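Undergrad: So the chains spell out like this:
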Amino acid sequence: MTAGGITAEPPLAAAPPPPADQGGRLGRYIVGAFFLAPALFMLGVWMVYPAVYTIIRSFFGPTGFIGHWVAFDNYKTLFTTSNLTTAIKNNAIWVAVVPAMVTAVGLVFAVLTERVRWAVAFKTAVFLPMAISAFATGVTWRIMYQQDPNLGAINALGKTVSGIFSPAGPLQSALPSTPALVPKGGGMILKTPLRPGGVALLGVTGIPPDQVPKSSVQAVTPPSKDGEIVGTVWRDFKPGGGKPGVVEKGELGLGGVTVQLENAAGKVVQSTKSKSDGSFIFSKVSSGTYNAGIGAQTFAKPFAGYAWIGPNLIVPSLLIAYIWIWAGFAMVVIGAGLAAMPRDVLEAARTDGATEWQTFRRVTVPLLAPVLSVVFVTMIINVLKVFDIVYALAPESEYAKANVIALAMYFTAFQGAGDFGVGSAIAVFLFLLVIPVLALNIRRFKREV
Amino acid sequence: MTRTRVAIVAVTVVTALLAAGLAGARTSSHLSGNASIKGTITFDGIWTSSSGQKQFQDIINAFNKVYPNVHVNYKPVGNNLPTVLSTAVAGGHPPDMADIAQPGTIAQFVKEGKLKPITYAKSTIAKNFAPAWQQLGTYSGKLYALVFKAANKSVVWYNVPAFKAAGVTPPKTFAQLLKDAQTIKASGTPAYSIGGGEGWTLTDMFENIYLRTFGAAKYDALSQHKIKWTDSSVTTALNSMAKILGDTSNIAGGTSGALQDSFNQSVTNAFSSPPKAAMVFEADFVGGVITSSTKAKPGTGFNTFAWPSITPGPDASAVEIAGDLFVTFRDNPAIEAFVKYLASAQAAEIWAKQGGFGTGNHNVPASIYPDPITKATEAPILTAKSVVFDMSDNQPPAFGATAGQGEWGLFQDFLKNPADISGIQKQLETAAAAAYKK
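Going down the list, the protein sequences come from chains P and V. If you count by the numbering used here, then the first sequence holds residues 1 to 449, one letter each, in order. If you count by the numbering used here, then the second sequence holds residues 1 to 438, one letter each, in order.
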C-alpha cells in the first residue's frame, strides 16, 4: 500500500511468438483457465456465492425461502427499527470522525518521528497496538475505562490527581440515622433548633465497620450544662439496627469529626472536633436559637470516576480506543511516503525562505496527498465494517447506544433474534455502503499501475 | 443462556472435586433385545471438555452397557450452540438430537416442523417427573422435549459475615427483605449487588417478583404474551422491583456501577473481602463463581435462601428454573431408546452425584447431591408444586434473549430510571408485540 514505492521492474522478456497452428490459441486459453481455476473457484465459493445468496436471502422472511417472500419488508425494518437506525447513525459518526482523526494523528506522528531521537522506539510503541487483536484491545480498554477508580486505570489517574486537591473526608458514605438530621451544603444539620443548655444528637449510619476510626469507643452523651450546647456524633447502628436516634450500648462514638454550630441566620459561629467517644461541647453560647451539624468536609467523597463506558460517553470512548489502534498503521504508511519524498523540493522550499509550517502545509502535505488518501480510504472501509472492538469494549447495557451496522447484523442474524432475513438485509446495506469506496480505491490502483 | 454455562462449568468443576468418587453406572438387567437396536446418534451439546462433557459421556457409557450397539456421537459445540444449531437447521442438516436452553427456540422449531415429538417416552417421563415438568416439554399439545438438567433460579445468595454484622437473618417475605436491606445499608454495606451489565440478571429478578406475586398461571400467560406488558399486574411487579432498583445508595456502585457490572462482577462484589454488597439475586450457579473467584467458604462465608415470598398461597414457593431441554430432529429405535434412558433416574443420578447438576426427576433422592449448598439449592426443585421456565428464554429470542435489545435492553433502561414504570411498560409491549408477530 505504500504509494511512494513505484515498482520499477525490468520489462518482461518478450513473450515467445505464438505457434503457427490453430490449436495453439485454444491451448493457451486452456493453460490460462487452468492457472486461473483455483483462484476463480475460491472466489466463487467464498465470495460470489455467499454474496448472491445473501442478496436473495434478504428478500425472504426470518425462517426460510418457500412461502416467505417479503419483498422489501426487511429493508423497511432496517430503516424503521430504532436499534438499527442507531447503528446507522453511529456508523455515520464513525466515518465522520475516525478516518480524519487517524490520518491526522498518523501524519503528526510520522512527521515528528523524523525529528526525534529514539524514533524506532517511538514508532514501535505507536505501532504496537496493530499487533494486538481488536478483541483483546477492546477487553483491555474496557478494563481501563472502568468507573471504579480501583479498577479502571483512567479513573485511577483522575482519583490520584483529584486526591491532591480535595482529600476525602473521614466519613464518606455516612447517612443520617433519623429524619431530624438533614443534608445541607454537603454536610448535615439537625433541624431541631437548640438553645444554650441543649443537647445535639448527631447519629449517622451507613459506615462500613472497616471505616470506623480505630480509636473509637462506646458513644456517650455529655451532660447538658447552662451556657453550653453539648452533643455527640456516633455510629447509630448495632447489629439488627438498634433504635435510631438513641445512643445505645454497643454503638461507637466517631472522633475527629468537624461539628459546627450555626446561628438562626445560618452562619457558623463555632466549630470544633468530636472526641473519640463522639462527644463535643460548644462553650460560652449566648442566648438565642442555634442549629448543630456536621461539616461538609467530613463527608467529602473521593473521586468516584467517570462512567467512560456509560450511556453518555460510550461512543467517544470507543472512537478513542479505535484511533489508538490504527494511528500506528497510518504513521507507518505515511512515514514510508515521507521517506520516499524528494528531499530537494523541501530543500528548495527552505532555501526560498519558507517557514517550517509553510513547508509542511504547502509542500509536504500536497506531496503526501496520494498516501494520505490511501490511509483515509482504507480507514473508511475499516470503519464501515467495525465490529469486534464494539463487541468487546461496550458493556451489554450500552450495546443499544454503541450499536454499529456490523454488530446489528450479527445480533439480528446469529444471536437471539436469529432473523436471517433482516440480517441479510443489513449485510447487503453494508455491502452497498462499501462499494463506492471500493470503486474509488480500484480506480486509483488502476491509475497508479 | 451462554452465561449460565460458564457458571455451571465452575459449579461442576468445584463440586466434582467434592464428589466421593466417579459415578459407576448401575447396570440394570440386561435385556437380550437391546442388542438388536443398532444405530448412530449425533448429539450437539453445550458441554465441552472443561464443563460437563465428561459427566455426559459417563451417562452415554452407562447407556451403552444396556444398548451396546447404539453409538452416541456427542459433539461439544460450546456456548454458540444456538447459532450453530439454527444455521444447521436452516441448512437442512440438523443433528439427530440437541440440547437447547431456550424453550422459545424450541417453539420456533416446532412451528417450522423441524422437530419430532417424543411421545414414545411419555410414560417414562410421567413415571419420573411431576406434571409441571412434562408441561415444560410440551409444545402445541405434544411432548417434544425432555428437561434433562435444571438450575434453580429462585435463589438469593448472601454474604454471611455481612448479614451477621447487620444483625439480620435470611428474610422469608419480600417486605422483610426490604426492611432487612435498610438495616444492612445502615450497617455500612450496600444490600444489593446487581449485575445490570447483563440484562438477563434483571429479567430474572423481575420474573421472580412476578412469579411470587401472581403465581405460575399468570406467569405462563405473560410468558406467552397472553397478558400484555401494559397489564396492571406488570405495573405491580415493576413497582416492587423499583423498591430495589430505586434504592440506589443501597446498590453496590450505585446505578451506574450496576449497569457496568457483569454477572460475575456482581458475585465478586458481594463475596470479596471487605464485601461491596451483601446479597446477589441469581441462580444456583452463583455458587461456582463464588468458589472459583473469591475466598468465601460455604456456610461461613456464603449461603443461600429461597426467593422471599410476596403473595402468600400455594405459589409462594413456586420455582423458576433454567435448564437444558433435549430435543430430537429425527426418529428411530436407537434415538427412542436413548431418550427413554435419559429420562430415567439412573441417568440423572450419574451426573447429580458428581455435582453441578439439578433435576426435576423425583425418583432421584435429594441425598445424592454432594454438598449442603447444592442440596439447599436443588432440593426445592424436586418438591416444588409449580415449576416455571425462565420467562425470557420462553419468549421469542428477539424479545427475550438478545443482548442490549428487547427485554434485556429495556430492563437495563428500567435500572437507569426505575421511576418511569408506565414508559417502560409501553416500550416492553411494543417490543414484545413486534417479536411475537414474526
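Treat each hint with caution, since some may be false.
Now the stretches of chain V that chain P is said to cover, found in silico as 3 or more residues with beta-carbon under 8 Å [claimed, not checked]:
| no. | region |
| --- | --- |
| 1 | 114-126 |
| 2 | 195-204 |
| 3 | 210-220 |
Below, computed lysine to aspartate or glutamate pairings styled on DMTMM-like, alpha-carbon distance capped at 20 Å [to be verified]:
| no. | chain 1 | residue 1 | chain 2 | residue 2 |
| --- | --- | --- | --- | --- |
| 4 | V | Lys-437 | V | Asp-247 |
| 5 | V | Lys-340 | V | Glu-112 |
| 6 | V | Lys-437 | P | Asp-148 |
| 7 | P | Lys-401 | V | Asp-413 |
| 8 | V | Lys-142 | V | Asp-331 |
| 9 | V | Lys-164 | P | Glu-248 |
| 10 | V | Lys-295 | P | Asp-73 |
| 11 | V | Lys-416 | P | Asp-148 |
Rather than coming from a laboratory, the hints here were simulated on the basis of the structure. Bear in mind the structure is a predicted one, so any value in this text is a computation, not a measurement. Where a beta carbon is used, it is the ideal one built from N, C-alpha and C, also for glycine.
Undergrad: State the violated hints by number, sorted upward, taking the hints as numbered earlier in the document.
TA: 1, 3, 4, 5, 6 and 10
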